[in-house]
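*Asks:* What follows is each chain in one-letter form.
Number of protein chains: 4
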Amino acid sequence: MLKIAVFGAGRIGRIHAQNVVAHPALRLEYLVDPGAHVGALAAQTGARVVDVHTALGDPDIAGVVVASPTALHLEHCAQALDAGKAVLCEKPVDLDAGRARAASAKLGARDARLLVGFNRRFDPHFSAARSRLMAGDVGKLESLHITSHDPAPPSPAYVRESGGLFKDMAIHDFDMARWLLGEQPTEVFAAASCLIDPGIGAAGDVDTAKTVLKTASGTLCVISNSRRSGYGYDQRIEAFGSAGAIRADNLLQSSVSTWSASGMSSDTFQNFFLDRYADAYRRELEHFVQVIGGRESPAISFDDGVAALTLAEAAAESLRTGRTVRVS
Amino acid sequence: MLKIAVFGAGRIGRIHAQNVVAHPALRLEYLVDPGAHVGALAAQTGARVVDVHTALGDPDIAGVVVASPTALHLEHCAQALDAGKAVLCEKPVDLDAGRARAASAKLGARDARLLVGFNRRFDPHFSAARSRLMAGDVGKLESLHITSHDPAPPSPAYVRESGGLFKDMAIHDFDMARWLLGEQPTEVFAAASCLIDPGIGAAGDVDTAKTVLKTASGTLCVISNSRRSGYGYDQRIEAFGSAGAIRADNLLQSSVSTWSASGMSSDTFQNFFLDRYADAYRRELEHFVQVIGGRESPAISFDDGVAALTLAEAAAESLRTGRTVRVS
Amino acid sequence: MLKIAVFGAGRIGRIHAQNVVAHPALRLEYLVDPGAHVGALAAQTGARVVDVHTALGDPDIAGVVVASPTALHLEHCAQALDAGKAVLCEKPVDLDAGRARAASAKLGARDARLLVGFNRRFDPHFSAARSRLMAGDVGKLESLHITSHDPAPPSPAYVRESGGLFKDMAIHDFDMARWLLGEQPTEVFAAASCLIDPGIGAAGDVDTAKTVLKTASGTLCVISNSRRSGYGYDQRIEAFGSAGAIRADNLLQSSVSTWSASGMSSDTFQNFFLDRYADAYRRELEHFVQVIGGRESPAISFDDGVAALTLAEAAAESLRTGRTVRVS
Amino acid sequence: MLKIAVFGAGRIGRIHAQNVVAHPALRLEYLVDPGAHVGALAAQTGARVVDVHTALGDPDIAGVVVASPTALHLEHCAQALDAGKAVLCEKPVDLDAGRARAASAKLGARDARLLVGFNRRFDPHFSAARSRLMAGDVGKLESLHITSHDPAPPSPAYVRESGGLFKDMAIHDFDMARWLLGEQPTEVFAAASCLIDPGIGAAGDVDTAKTVLKTASGTLCVISNSRRSGYGYDQRIEAFGSAGAIRADNLLQSSVSTWSASGMSSDTFQNFFLDRYADAYRRELEHFVQVIGGRESPAISFDDGVAALTLAEAAAESLRTGRTVRVS
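Protein chains in written order, with the numbering used here: chain Y, 1 to 328; chain Z, 329 to 656; chain E, 657 to 984; chain A, 985 to 1312.
Since the hints were made in silico from the structure, they are not lab data.
Small disclaimer: the values here were computed from a predicted structure and weren't measured.
There could be a bad hint or two in this list.
What the hints assert, rightly or not - Listed next, with one range per pair, are the computed distances between beta-carbon atoms: (1) E/E952 with Y/E286: 30 to 40 Å; (2) Z/G464 with Y/A135: 22 to 32 Å; (3) Z/P481 with E/Q700: 51 to 61 Å; (4) Y/R160 with Z/D603: 52 to 62 Å; (5) E/P809 with A/A1024: 52 to 62 Å.
To be verified - A short, non-exhaustive set of chain Z residues, derived as facing chain A with CB atoms under 10 Å: (6) A353; (7) P452; (8) M462; (9) D465; (10) V466; (11) K468; (12) A531; (13) D577; (14) N578; (15) S582; (16) T586; (17) W587; (18) S588; (19) M592; (20) V617; (21) V619.
From the three backbone atoms N, C-alpha and C, an ideal C-beta is built for every residue, glycine too.
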């Protein structure tokens, strides 16, 4: 049994904590979170609530999941790596690409023990789509469409702390784009509006955006983001190649439909990431187990995290200027 | 231009008359129908209303579409064939299999000029399904499911004259079964109920039936008939082979769907045969043009009509006795 | 933690054992199986291999899962119930309806502690379909189609011991029919063939069957069974009501499809019951936990098991006689 | 019978000529085309080949379909309108927005007799989608995705004369966007590449483009264009509103699918506009008949044609500059 500490007992920390508990090879030893809400999770999982130093000082701890507030990610990662732990760090790695790049420069060999948690890469549907793409099933990739709409907007208070739509939400899609394009985007353009909640606009952010990426070879990518869908979690990709297209579609709650005088009506869509990415989080943790054991290299490096953050900053700059922003 | 006479100006006669008018190589010369309603169709199509003898006595008439009441089918076909015309005869060829068999015995060479109008064989969807089946795409056929549900029941008055569900409605499906099975059914079992309209029961008929056919080689076929669907015209086939299955599905009015908090909802289903089989009737007429010209043999012979009728009678007998009925 | 004993370490016993291990409120204490293969499962789960008497003599055992060979079901259920344990008994309850009815007569109050494992009732897709049906979404049920095709046939040796297609395989569908019809079938007809493996025929069984059920009110049900599909596990229902239809469809491995010059091609179908009914087995076990605790009555009683077995015997008799068999 | 002249016997002229012939209320009197290929169409349709003046000088000609080369559209429209004919003018109205605006200024009352042929507005699928949108089925529109990919690229020679991807191909999508947004786009951004045929690049054009439109109220629209799909004609819309989404999907050649060990495979996609928009062209002509008769105002005005052209020019400018272009 590998012993694990989870830093952060918020929404995402809870997912990881529960998956650690359910994993046959892992044991959740510690929860690190200064907030009162950690108590409930500790009671549910049987983990002990300790501070950072206690957790990292325990030589039996093999891995640390960093799901603390984003502002602490870099510090927590560095501390845990220095203590010799393997680290699974939640996205984004930071809210400032420059600071993240500086941190990257100091990582050195510790990089091989650090996995960034872009959970969607572990989604079986997106994995299957990418496998078909990489196998050349539709020839050479020419363009890519990513749809990523949340069911309902977060509060303006959340938005204010989040780093904004590009760093908080679209960052997943920037990583997906890089993963599927197989090539770095070199140009970024973004258009966006605040259409859903004026409070989001008052917080200085947008809630609806279309971002266009272009790679050196000319491959184009469109990312559609919305903080609201009205029908559930809209998470789709379409990859257009020289010989056809590959799609990963949304998922419904069941295969049931009703046929009536008004046509065919399905079951409801899966509502949000807890449903849609339940498997992805489990497969991500399984990969982390392999990283801890040194049997696999991290599928998503710190530099992948920096690259996604760089695209997010470029999109925000394009939005301010109305111009294409070049990324090196 | 080939000149055509259409016998019968009812629902089906009208379809044929309009298709003749729209066909670039055909001219609708005569309508034969003693009823007053023929006037409107004549006005619309520009055809002349005449009696049987006038129509058949005109040496320029190349083909006759027999869409008169079923009781007149045998007589009209014989008269038209004797007058040297090619004939497209609507289903069923008669309401009595014995009488139809006797008529068949007397046909002789005239058979090559007589096409029976099982329109579904010309449906592009069913044709495509059969092509895949005959090409061996799913190996050897093991069983076949035919779903054939009307949107809404006819009046009990219609039912009383119709010959009953098996001869009036399921006769299409018996022909489809023979066409797709590629082998004669030798055993017939039917179970049925009157669930939709007690008036249909009072007319001595059923409105909901499940018929099981078995061929000499053991292939099984289930036909589901209902006089009501609640959602439109349900016309589907599923063919299960040793290496997979082939389906032909229902059609919707458009490709539009709405995604909402209650899931995905499509457009309405095509309502009835005027929509679903519009192409089939046109392709059937096109084949008839080729039969008239001697370039193609009738795809559906009189004996095909007799065979479907024989199965209908066997189903009715099985329903009375609760036993499997053997058909030779 | 409730302590559980699992009787039988075969294919189904393994599923239950693993689900017990993964359930947060259960502990797998004992495995009972005289075969050598039990060792691997014991090693994997940490359970002890003991004999029936040891398992039932332990007062801490709260529930017993009976997944032993069918011939032992009645005896094991009786022993476990007599020992005061709650019991989850796999289907079929026995291979002889008369013997099962006799056992039923002796159950008395112990019935409230006995759950029969028709796992499909716990499938979320079928549950959702039934909820829509019971809510009257399509009016009054008029007919029901159940498709139940396995991906590939079992060995003739398995078939020989299985009780035959109706008791081994279709028994699930007889239970589904009863559950969805909301009314007892009173007439049974079956047609069947041996088309897939002559060895199955030599073992006295069939591998392809169509069964028609009719209830007192005239509702009709068709069950299609095949021991082979060529495409995976085909588990579908269609319920036709007075105002529309409800379907539960098959499941694919992912939502990915490829669009090419040959059309649209999906991912593969879920292969067999380990995939398709993984959730159902978990939900069934969760219900058993509630039954153990006395918080829920068994959703599927011993008499439900007897009723399905009675329909299976009627189907077999109909197959022998070619006649409709009445069931009371 | 209304007599019609068709100017231009190319690919689109042929469609209109054949639809005129098949329309019960129309008669194709003249074809106007200086090329030799007009002979075959004349022979097929029975129309006479004449020059512009003869056609327009015939007082019996009620309507003119202008499907001549784009460079002649403005001149032919003006001549026909001056001669008192109703006009159906193919897209684009011209290759120069300034010239088209000047022509618009001179139209005056003749505008009421001029229909611009953006055929997709008459497509039943897009019409149905728009009806749902306008009925408020998904609340207020927030963003719109238009996918418009041809099956295979035209020759570089065609491209060179075409006005380029934005004026030749995307012009349809600019019109669709205006029609569905219900509001004028005020900002345009385009990114594009030449990925399919270097000859298209050598002709100064692109073959793959993503265009982003934004309206004054902030609604966003993405148009995806490709000269090649590998699977047929990809013509889809997705409209995202405050309460859900509406989609119009692609069409397949039939409803047939095969289920096998590799999953489900459909029939092929409809290949190109002759299939997909056959109904749209017929419904467009039917509307033109109503315009000729003064019973309906043109659904698509000359100014609609100018507006689409203006967006096309803005997209081209954005492509050159890498900046958002404002459109008034």
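*Asks:* Checking each numbered hint in turn, tell me which of them this model violates, lowest number first.
*Replies:* Violated hints: 6, 8, 11, 12, 20 and 21; rest satisfied.
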